[in-house]
Amino acid sequence: MSAVTTSSLKRDLGLVAWQIRYEQRAYWRNRGRGVFTFVFPLMFLVIFASLNQGAHIASRGGIAYDAFFVPGILAYGVIATTFVNMAISTAILRDQGVLKRMQGTPLPPWAYVMARIGSTVIIVLLMTVLVLALGAIAYNVHIHVATLPGLAATLILGTAAFTALGIGITRFIPNAEAAPVVVNLVILPLTFISSIWFPPDGMPNWLVQIAKIFPIRALADGLEYAFDPRTVGAGLNAQDLRTLAIWTAIGVFAMLRFLRRPQGEVSGGSGRRLTLGSLWTRT
Amino acid sequence: MTTTHTQTDGLAIEVRDLRKAYGEVEAVRGVSFEVSRGEVFCLLGPNGAGKTTIVEILEGYRTRSDGEARVLGMDPAHGQRALRERVGIVLQQCGVQNDLTVTELLEMYGRYQPRRRPVDELLELVELGEKRDTRARFLSGGQLRRLDLALALVGDPDLIFLDEPTTGFDPGARRHAWSTIRSLCDLGKTVFLTTHYMDEAQHLANRVAVMNAGRIIAMGRPEELGGRDLRPAEIRFSLPVQWSLGDLPDMPCEARALEGDRVVITTKDPVVAAQRITTWALDHDADLGHFSVSQPTLEDIYLELTGDQRENVSTEEVVR
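Taken in sequence, the protein lines are chains F and B.
Numbering (numbering that gives the first Met the number 0) for the first sequence: 0 to 282.
Numbering (numbering that gives the first Met the number 0) for the second sequence: 0 to 319.
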């Protein structure tokens, strides 16, 4: 029995690997949706870094603006490629009926969701490499080996939180046309108070307190901490990581809630099961 | 190790007293039928009659409120993979990954299946060979519909659900789709079809169930539906002005009437009646115009059966 289970799991993981390839192919072919979410953060990096060339941040012990902004834009890049991209593309796939079609195939729903997440992780990795390379080459931002654990931990938790939240929020997106609006309504205001574009210096305390509730500031702050030349130790910012961990839990909960459909209508049914049901139907 | 689902009864689908309620509205109100293996079974009915609800319950997309349903011996509500591996689905409106090509899509969906039909064979079957490297985004509506069919067949299913498969087709494309569907039957596949086209049901189905307002109101072979084969025929013609209805000879008939300038003879013995009329006409040198003999069409029966269309409106609005 277990031999059968193992081999079918192996086969399904093989399917996940194949599905990731197809998801990647589709992503890079769609210039409007895919590539631009990718190009946006890089564009902002070049613009903002050029505007603030040679500037220093007094409140942070006079560190170069670039050392603040490169991790800030990396945080924005992670959010754009996970949360924004996942929410918009999931809403489109739902509206077009692709999710419904996928549910009718033998591919297990978990395998499909896993492949979509896997494909997103590849995009995040690429984004990270590009931003860091651009930051190192053009803006002389150094990655400290000592604080790499902090950088990695923040990136991993941030990706997990925003990917899960991206799927979960689709529930609140009424249709695909509304998706960019809803997503930006959630993201944009928060980026301005969350230490992405500029340090939150001189910001009213109540705004700071609001920003601290949400994961954008935690992600940006955690990355900035790892990049700050004054940071000693492994670069692990406990408070930011805790916030991200909590939001990862919230995200996974929202995602699973969203992917599950109650089966209570059939007597003797199998209770609840993972399905793409609620992604496509509201009945 | 593995559970084999053997069908001793030879039934592909078995439905008993199936019900589905959306809130207060009952979209399906106690429906029962059986579909044999290798049969083409057609659900015919106006929009909002409950056809799609039934299909989607059988496909595992919706749960039933009450009643029994078995598809290839399995309960579709459990959504087993074993069932999805043996069923092909063409949904009414359903997109694909737009940025992949036809060939890539057939390969991708094929990978999910334990047994699969070769891509080239599928392309040939639905005549999409020329579009094999075209992204789905650039296909026409008819081509997408054909891709739908190819994707439903990719796992070489035993049972195929076709929910209004030819809606939006031009007459030529429809004929072609029909011959494709018939070729599925030759392969021994069971086809479960919904349509609101009478001619489609007539051409394809071994048996038709007519639905209205959540119920099956008639079921049978298309040529026998609603006692169609037992209904009286109608003989129609126009009489020259100097003759009237009373001048016609005796003949076996249920009724003779005038509809405008046309005489309508309703008769269960159209051969004898027609012979009497034509003999009389020749003897009296009466030039009968537009002479025709007709049985009621499936459409006549259907319209008679579904009668009051307004009853459906509320159901449809709620389902949407």
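Note that these hints are calculated values from the structure, not bench results.
Every residue, glycine too, gets a C-beta built ideally from N, C-alpha and C.
Check each hint, because a few of them may be wrong.
Stated by the list, open to error - Listed next, the stretches of chain B that the computed footprint assigns to chain F, with coverage defined by at least 3 CB atoms under 8 angstroms from CB atoms of chain F:
{"#": "1", "region": "121 to 129"}
{"#": "2", "region": "291 to 304"}
As the list claims (entries may be wrong) - Listed next, with one range per pair, are the computed distances between beta-carbon atoms:
{"#": "3", "chain 1": "B", "residue 1": "Leu186", "chain 2": "F", "residue 2": "Leu255", "range": "48 to 56 angstroms"}
{"#": "4", "chain 1": "F", "residue 1": "Asn174", "chain 2": "B", "residue 2": "Arg235", "range": "48 to 56 angstroms"}
{"#": "5", "chain 1": "F", "residue 1": "Ser7", "chain 2": "B", "residue 2": "Thr133", "range": "40 to 48 angstroms"}
{"#": "6", "chain 1": "F", "residue 1": "Phe252", "chain 2": "B", "residue 2": "Arg214", "range": "36 to 44 angstroms"}
{"#": "7", "chain 1": "B", "residue 1": "His77", "chain 2": "F", "residue 2": "Asn174", "range": "42 to 50 angstroms"}
{"#": "8", "chain 1": "F", "residue 1": "Val34", "chain 2": "B", "residue 2": "Ser139", "range": "24 to 32 angstroms"}
Original post:
That 48 to 56 angstroms hint for Leu186(B) and Leu255(F) (C-beta), does it hold up?
Top reply: violated (41 angstroms)
Subject >> Supplied distance hint 48 to 56 angstroms, evaluated on CB atoms of Asn174(F) and Arg235(B) >> reply: holds (53 angstroms)
Subject >> Range hint 42 to 50 angstroms (beta carbons of His77(B) and Asn174(F)) holds or violated >> reply: violated (31 angstroms)
Original post:
So does Phe252(F) sit 36 to 44 angstroms from Arg214(B), Cβ to Cβ?
Top reply: holds (42 angstroms)
Original post:
Measuring from beta carbon to beta carbon, are Val34(F) and Ser139(B) in 24 to 32 angstroms?
Top reply: About 27 angstroms separates the Cβ atoms of Val34(F) and Ser139(B), which means 24 to 32 angstroms holds.
Original post:
According to a criterion of three or more residues whose C-beta lies within less than 8 angstroms of a C-beta of chain F, is the region 121 to 129 of chain B covered?
Top reply: violated (count 0)
Original post:
For the region 291 to 304 of chain B, do three or more residues have a beta carbon lying closer than 8 angstroms to a beta carbon of chain F?
Top reply: Not satisfied, violated; 0 residues make the cut.
**OP:** Starting from the range 40 to 48 angstroms, see whether the pair Ser7(F) and Thr133(B) falls in it by beta-carbon distance.
**Re:** violated (35 angstroms)
Checked against the numbered hints listed earlier, the structure breaks hints 1, 2, 3, 5 and 7; every other hint is satisfied.
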